[in-house]
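Enquirer: Using the hints, position chain B against chain A.
In order, the protein sequence lines correspond to chains A and B. Residues in the first sequence are numbered from 1247 upward in steps of one, following our numbering. Residues in the second sequence are numbered from 1247 upward in steps of one, following our numbering.
Don't take every hint at face value.
Identical chains share a label here; the pair holds if one copy fits it or two copies do between them.
Said to hold, decoys possible - With a straight-line Cα cutoff of 30 Å, these simulated DSSO-like cross-link-like pairs (lysine-lysine) come out:
#1 1436 / 1350
#2 1350 / 1432
#3 1472 / 1350
#4 1436 / 1472
No lab work stands behind these hints, which were simulated from the structure alone. Computed from a predicted structure; not experimentally measured.
2 protein chains.
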Amino acid sequence: MSPIAKEGSTSGDRGYAKTSLNTVNRYRGRGQYEYQQVYPIVDEAPILHVAFHSSPDQDDFAFPVILPMLGCTGNFEEEQNNDGRRAIYLHGYVSSRIMRLTRKNTTSDDDAGAEPSGIPVCVSATLMDGIVLALTPNHHSCNYRSAVAFGHAQVVEDEPERLWAMELITNNLVPDRWQHTRYPNKTELKSTGILRIDIHSASAKVRSGTTGEAREDLRDEAMRRKVWAGVVPSRMVYGTPLPAPTNMFPGTPEYIED
Amino acid sequence: MSPIAKEGSTSGDRGYAKTSLNTVNRYRGRGQYEYQQVYPIVDEAPILHVAFHSSPDQDDFAFPVILPMLGCTGNFEEEQNNDGRRAIYLHGYVSSRIMRLTRKNTTSDDDAGAEPSGIPVCVSATLMDGIVLALTPNHHSCNYRSAVAFGHAQVVEDEPERLWAMELITNNLVPDRWQHTRYPNKTELKSTGILRIDIHSASAKVRSGTTGEAREDLRDEAMRRKVWAGVVPSRMVYGTPLPAPTNMFPGTPEYIED
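For reference, chain A alone in the conformation it holds in the complex (with noise of 0.2 Å):
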């Protein structure tokens, strides 16, 4: 774990401090720090969105770059350290931009101390639970759950850890799903990089109930016999599985189905 990885805990509770990164400022009554409010979000959200600096070398390449990533939170050494603290894992291609930009800014254990090791990322999850429909549109909102988590990325070189990693992300999107596939060949688990996120500092932020309306519109009763308020829930599902064309296991396995 990098040095800074316990910096934005306050000592002996089980959530992240606030500070000028996490704090939610804007309806600071949905802000929650805890981690068990955080990780949940995170492990929940099919897609991460990571944000790193495309170049931080180039000061003439000024924009931030979100890359949809999928991803879950872990804590790949809960033997000794089973303080409920989570790192976040992100897997995708060894090759690819954030990958390489990655690997060439992180340092080994041995030169930490002067500079973090690895790139700054945030890495965001939204779930979007509803539509909140108001009196005026200037109140309209949306129910949801959202996390942000910040954090330098490193990628993971450890063999055990890159194993665990991969059969983490993969359950995280399918339960049970890793143990009944074919086990990766050594090419492909090369191919395969992994990146993992000490969070330095992370908060959630949920809306949900009813609307919200000005007090003066609730008075207008001529008004509100107009005007429909409320929410249309809205959710993810999943439909009936598609066996690929190629596919000769019968049926579709009960870990699935679920």
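Expert: Structure of chain B alone, referenced to chain A:
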């Protein structure tokens, strides 16, 4: 429009030029650059992820920040400028961090020329269409339609453009909603900030269809009989609208049922 707004387009066509910023390198065949391939993905995504440098003046503040925001594409000057090119409009609370930061870095039309006005952002839209389960986990993938756009965000101050954008964003979320609500008053209009991103560069990346398998795996029929391979489709669905406790509109209006 900012002076760089047209830079990314190749003259005469209706798409974005391929540059190092927007070119899809991994699975090149999935890359798309036409306006009409990029914009529908941005408009269909209920939530856009927007990345910016949290504090461009401070070197020690290294992390990019991602915000989930509501927005869509549009061209306010369509009558004069009907080449099919659009900007992205986002809305948010007027004093949120991204609004304040953008306002601070927006120069008026008269100052333009030296430095691009506004802050550099990346907007990402991702629609997940399915989980692709190949025989081996290293060939697992997702079906998706994703778009990424780069440009400078600017605060829109022009009142007609602001109003037009609020209506555009509201109706993009729920078609016909704007005209069925209580028209916002002056204070409400002022409290909503509108950002316009003149797109400098953009691209889409789409994966569809079934699994892609290694050739050796297809020769291994014993293994194929043991591992299910195929696609689990996924999509966002909207449930039965739930009226707010304060709702007085009888039933559910047709434009919401749809």
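Enquirer: To test your reading of the hints: which numbers does this structure violate?
Expert: 3
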